[in-house]
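Put together the whole structure using the sequences plus the hints.
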Amino acid sequence: MFSAFYDALYLNFVKDDRWHYLTNGLKVTLIVTLFSALMGVVLGFVVAIIRSTYENTGRMKIANKLCGLYLTVIRGTPVVVQLMIIYFVIFASVRIDKTLTAIIAFGINSGAYQAEIFRSGINSVPKGQFEAGRSLGFNYGQTMVHIIMPQAFRVVVPTLCNEYITLLKETSVAGYIALEDLTKGGDIIRSRTYSAFLPLIAVALIYLIMVLALTKLVSVLERRLSRGTRR
Amino acid sequence: MKKLISAALILTMVLALAACGSSKGGSDTGTATKGVLVMATNAEFPPYEYHEGDKIVGIDAEIAAAIAEKMGCELKIEDIAFDSIIPEVSSGKADIGLAGMTVTEDRKQSVDFSDSYASSSQVVIVTETSGISSLSDLDANSVIGVQTGTTGDIYCSDEFANIERYNKGMEAVQALSQGKIDAVVIDSEPAKVFVAETSGLKILDESYTDEQYAAAIRKGNTALLENVNKALSELKSDGTLDKIVAKYITAN
Chain A
1 MFSAFYDALY
11 LNFVKDDRWH
21 YLTNGLKVTL
31 IVTLFSALMG
41 VVLGFVVAII
51 RSTYENTGRM
61 KIANKLCGLY
71 LTVIRGTPVV
81 VQLMIIYFVI
91 FASVRIDKTL
101 TAIIAFGINS
111 GAYQAEIFRS
121 GINSVPKGQF
131 EAGRSLGFNY
141 GQTMVHIIMP
151 QAFRVVVPTL
161 CNEYITLLKE
171 TSVAGYIALE
181 DLTKGGDIIR
191 SRTYSAFLPL
201 IAVALIYLIM
211 VLALTKLVSV
221 LERRLSRGTR
231 R
Chain B
1001 MKKLISAALI
1011 LTMVLALAAC
1021 GSSKGGSDTG
1031 TATKGVLVMA
1041 TNAEFPPYEY
1051 HEGDKIVGID
1061 AEIAAAIAEK
1071 MGCELKIEDI
1081 AFDSIIPEVS
1091 SGKADIGLAG
1101 MTVTEDRKQS
1111 VDFSDSYASS
1121 SQVVIVTETS
1131 GISSLSDLDA
1141 NSVIGVQTGT
1151 TGDIYCSDEF
1161 ANIERYNKGM
1171 EAVQALSQGK
1181 IDAVVIDSEP
1191 AKVFVAETSG
1201 LKILDESYTD
1211 EQYAAAIRKG
1221 NTALLENVNK
1231 ALSELKSDGT
1241 LDKIVAKYIT
1251 AN
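Residue numbers (this note's numbering), protein chains in the order written: chain A, 1 to 231; chain B, 1001 to 1252.
Treat the hints loosely; a few may be bogus.
[Claimed, not checked] BS3-like, lysine-lysine: derived pairs with alpha carbons at most 30 angstroms apart:
#	chain 1	residue 1	chain 2	residue 2
1	B	K1243	B	K1055
2	A	K27	B	K1168
3	A	K15	B	K1243
4	B	K1168	B	K1202
5	A	K169	B	K1076
6	B	K1076	B	K1236
7	A	K15	B	K1219
8	B	K1093	A	K169
9	B	K1076	B	K1247
10	B	K1076	B	K1202
11	A	K15	B	K1093
12	B	K1168	A	K15
13	B	K1055	B	K1093
Note that these hints are calculated values from the structure, not bench results.
Pasting the structure below:
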C-alpha cells in the first residue's frame, strides 16, 4: 500500500522533474493574481469614485453611463469567456505575452467587482458625515479624501480581501489560453502520468494553503483596523 | 486545536475515499453484460471525432458503433478533455477510449490497447508566409503550439523549449493563424481539416513522427479487449473499416 503510494508520488512529482510544472505554475498564478488585483484596485477605485460622485452630485453623467456599461458587461459574462475574447479577439494577430494577457483580463474583471465593493464602502458612511464635512467648509473632494474615505476603507477591507481570494481561485482558468498556471501545471502532469488523484489533490492543497494564509492575514488586518473603534 | 483535529479527520476521510476509488475490482467481465458500451473521446478532432449537429460523428465514432454492434450492445459516447480519457478508462467510468489515440509505452502503463485500427503521423502546420519549410527550420526559439497530452505535446516537450499547450487543437491552430506562435504539431488528419478551413496555413511535407492508433481499454479487462479485437479483425476483413475511413478521408 505504502510502496504503491510512494511509487505514485515518484511518478507524478519526481520523475522528469514534474514538480517543476507545479512550482512554475504557482509562480505564474501568483504573478497574475497580484498584478491583476493591483490593476483591479486602480480601475475599481476610479469607477467607484465616478459612480458615487454622480450619485451624490449629479456630475460626470456620461462617465457614469460608461462605468455602468462596464460593470454590466463584465459582471454579466464569465471570466473565462472574457479571457478568451481578450486573447483571441482583441489581441488577434498580435504576439502578446500570455501572462500580460491574463493580467489584463483578470484585472478588468476584478476591477468591476472591486468598484462595487468600493462604492458600497463609500455608501456605508452615513450621509451626515458628508454634510458635516461640507458644513466645515470642505469642498466635495476634500470631504471625500479626509472624511469619507478613511471610514469607508475600514468597512471595505474584509470584502476586498474576499475578492482577492476569489480572484486567486478564478485565475485557474488561465489554462484556456495555454498559459501554464498552477491548475494547468497539474493538468500537464495528469496528461503525462494518466493519474488524476495526486496531481489534482496537490493543486487543490496548494490553493487551499494560499487561501488559508490570505484569510489569516485578513483577520489580523481586521483586528488592527477595528482597534480604537467603539462598537 | 479543534480545528486542527477536524482538518486531520477530513483529510483521512478523503484519503480513505480515494483508496476505494483506486482499488482494482476483480470481477470485471467487460460490458457486454450491461448492454451499453461507454466510449470516451474528445470530439474536437476531425475527422476522427467531431460534433455535427447534436451528434458526435467521425471515424472513431463509427468504428466504435460497428464494434458495439458486433458485441451486441448499445454505444454511448462521452465527450471529455483528451488528457482525461485515459483516467476515465482506467477508473472504469468509460469502457473504451477511442480518440485517435496513439499507442505509446507510457500510456501502456495505465491502459491496455486493442489492435491498431489506423496509422497516422504527427505533422507540422505553419503559416504560408513563415520562413519554415522543413523540420530543421524549427529551433530553440520557435514557439510550438500543441494540444495538451497528445503525442505531439509529449514528443515536442522533449525536443523544444517553447511549447504552448492548448486545450484544443483548434485553438492552437487559431493562435498560429493569428501569428501568436510559429508552428503547430498535431495529427495529420485533423491537421488537413484545420488547414483546409483556415486560410494562409500549410502542412510541411516532412512528417514529425509516424504512429498507430488503437482503442484504450482498462488494464486487466481481457474479456472486453478480446471482444474488441475480435470485432476489429472482423471489421478489417469484411472491408467495413476501410469503408468508414474512406467516407471521411478522401485519398490524396
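Would the hint linking B/K1093 and A/K169 be met if the CA-CA limit is 30 angstroms?
Given pair B/K1093, A/K169 holds - Cα atoms ~28 angstroms apart, limit 30 angstroms.
Are the Cα atoms of B/K1076 and B/K1202 separated by 30 angstroms or less?
violated, 36 angstroms
Has the given pair, A/K169 with B/K1076, been kept, meaning a C-alpha gap of at most 30 angstroms?
Measuring from Cα to Cα gives roughly 34 angstroms; hence the hint is violated.
Straight-line alpha-carbon gap B/K1076 to B/K1236, limit 30 angstroms
holds, 22 angstroms
Hey, A/K15 versus B/K1093, does the alpha-carbon distance stay inside 30 angstroms?
holds, 27 angstroms
For the pair supplied as a hint, B/K1168 and B/K1202, confirm whether the alpha-carbon distance does not exceed 30 angstroms.
This hinted pair holds, its Cα atoms lying about 19 angstroms apart.
Run the distance test for B/K1243 versus B/K1055: straight-line Cα separation, threshold 30 angstroms.
With Cα atoms ~20 angstroms apart, B/K1243 and B/K1055 stay inside 30 angstroms; holds.
Given the hint that B/K1168 pairs with A/K15, test it: the Cα-Cα distance must not exceed 30 angstroms.
holds, 26 angstroms
Quick one, are A/K15 and B/K1219 close enough, alpha carbons at most 30 angstroms?
Holds: A/K15 and B/K1219 sit about 22 angstroms apart, inside 30 angstroms.
Assess, step by step, whether the Cα of B/K1055 is no farther than 30 angstroms from the Cα of B/K1093, and give holds or violated.
holds, 21 angstroms
Is it true that the CA of B/K1076 sits at most 30 angstroms from the CA of B/K1247?
holds, 22 angstroms
Pair hint outcome, A/K15 versus B/K1243 [Cα-Cα no greater than 30 angstroms]
violated, 43 angstroms
Comparing the model with each earlier hint shows violations of hints 3, 5, 10; every other hint is respected.
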